[in-house]
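Engineer: Residue-level listing of the chains:
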Amino acid sequence: MDPLLQIALQVGPFLFLLLFGFIIGTLVERSHYSDIRKREAKTRTLPVISFRRAPPSWQVSSGTLVSGSTVVSIDYFKRFLAGLRALVGGRIASYESLLDRARREAVLRMKEQAIASGYDAVVNLRLETSRLASSNRKGQGTAGVEILAFGTAVKRGA
Amino acid sequence: MILSNTEDVPGSTIREFYGVVTGSSVRAKHIGRDFMAGLKNLVGGELKGYTELLQEARQEAIDRMTQQAQAAGANAVVNVRFSTSSVAQGAAEIFAYGTAVRVE
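Chains as they are written, first to last, in our numbering: chain A, 1 to 158; chain B, 1 to 104.
Hint data in this document are derived by calculation from the structure and do not stem from the laboratory. One should not assume that every hint holds.
Pairwise CB distance ranges (calculated) [what the hints assert, rightly or not]:
id : chain 1 : residue 1 : chain 2 : residue 2 : range
1  : A       : A41       : B       : A91       : 33 to 41 Å
2  : B       : E104      : A       : A93       : 46 to 54 Å
3  : A       : P47       : B       : E93       : 29 to 37 Å
4  : A       : F14       : B       : A28       : 29 to 37 Å
5  : B       : E16       : A       : L84       : 52 to 60 Å
6  : B       : R64       : A       : L87       : 42 to 50 Å
7  : B       : E52       : A       : A86       : 29 to 37 Å
8  : A       : G157      : B       : A91       : 25 to 33 Å
9  : B       : A91       : A       : D100      : 24 to 32 Å
We put the beta carbon where it would ideally sit given N, CA and C, even for glycine.
Construct the entire structure; sequences and hints are all you get.
Structural biologist: Structure below.
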């Protein structure tokens, strides 16, 4: 076989995945961010605080646990970039934006749950990040990161 | 059953403590979901199948915890915490714990 063709066959799928991941991944991220911004504007009326207790002035009457979670994974292109970055060290911006999106999404889901059940605020917000490592030794397979946001939704006023 | 992750139930007073109650659930993902997640891994973004899986697992852990609290005679669980750990390849444990109390 022509050696050039052989190289093309070997590198081709990789380049295709790289390009595919880059294009779709960028589009997905852009639309997710615009969705997040829209929903954040809509839920701005619900205060979320990370204090253990609601301020006394709130005169809280009842409360319940609310939570929101999401599992995300990074695209092929960014994973490749992050792999390269790991060689020289430094900031991996692509992972930062992924986790930022996931965290904001989880908080939004929690807030939406609180609003849907008729609560006025969320106290004691806690955020948890856990890695769902499921990639095998070859570094293949799917791996994701779960972000969980939870807190106590409260009703204000007597 | 009232749940909260604060040290009291907002708007009511704790009358009695029944100690720590726990609940856990270990879930593995099934092949269909894993296949879709594998595709999703190329383009990045949310892995909805996994999100649902973990939500179900968390709900089950909470249910087990509240059953335990009910059996003890409690009507609320305060200071609820969660922990997630991947115990084996493709499996995750969701653990929920809190303090069972009676509030008025």
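Engineer: So, against the hints stated earlier in the document, which numbers end up violated here?
Structural biologist: Structure breaks hint 8 only.
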